[in-house]
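Trainee: Chains as they are written, first to last, in this note's numbering: chain W, 1 to 160; chain H, 1001 to 1114.
Please note that a few of the clues may not be correct.
Claimed, not checked - Reference excerpt, derived from the structure (chain W facing chain H, CB under 8 Å, subset only):
# : residue
1 : V3
2 : E45
3 : V51
4 : G144
Source of the hints: derived by calculation from the structure; they are not laboratory data. Keep in mind that this is a model prediction, so the values were computed, not measured. Ideal Cβ placement from N, Cα and C applies to all residues, glycine included.
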Amino acid sequence: MIVRLTIPARREFVALARQVVVESARRETALAPERLEDIRLIVSEAVTNAVQAHSRMARGHSGPTDPGTIDLSCDVSDGRITIVVTDSGGGSEVPLDGPFEPPDASVGRIGGYGLPIIDMLSDELSVRAAGQGTRITVVINLDGQRDVGRRSAANGRSVS
Amino acid sequence: MLCDVSVSTSSRAGEREVTIQVVGELDLATIPEFRSAARRVAAADYDNVQVDLRACEFIDSAALGVLLGLARRVGPGRLAVLAAGPVAQIITLTGVAELVGLVDDSASHGTGRA
């Protein structure tokens, strides 16, 4: 099963991206409800990052600008679900090789939770420069249980 | 998906209380209204602040950021976040449940919707 979706890089389309991917995964896999919720959040965070990259780039221009588009794909094969979000928003603000550590909430810092949350809920995460923007690739094993932090604890970062 | 944010106030035993209720989904498109309500509430010096997310079906990391900011502004022990199901789970998974004063209402959530 392969889903391909191109959306305008506008904040109103983040919900649509979530819905399309989660409904596809619900129909095509036997994932438990909580894993579908993980996918919902993963897609939302990845697409939000992409929209924000486009917004930052647009702020650098004067006058009305085309927001550009974001490409989203979701493939289910070989017991894995692979979600790829590609933007052309001029590049990432995060270090591409991670680690994607959450900010330390106890000292009052807020924000910056997007990639750490994706990293925590997925089996593989890669963030790469691609063309005029960034490509985020997330892999979730269909037979995996929700077990937050298992990768970090077991074998370190699997950023590839 | 639309999102509705409402703010209501009450007084109990001489304490001023305020509740922010969110119905719908909180994401990049809908968070400005929630963030602005949280800022107004934080600036108004209530004795107790409650955020009712029981009718909220989705929150993202930005919404977690707003909750953390609100918790810091109102001070320890004065914020309670009511949530159930996936929303309560993500608050717990990200390790901020205690910081934001999560009250997990999942038990009644499940039976209430069955």
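Trainee: Determine for every hint whether it applies to the structure shown.
Mentor: Right, here's what the structure says about each hint:
1. V3: 19 Å, violated
2. E45: 6 Å, holds
3. V51: Holds, about 6 Å.
4. G144: 15 Å, violated
Consistency with the previously given hints fails for numbers 1 and 4, ordered from lowest to highest.
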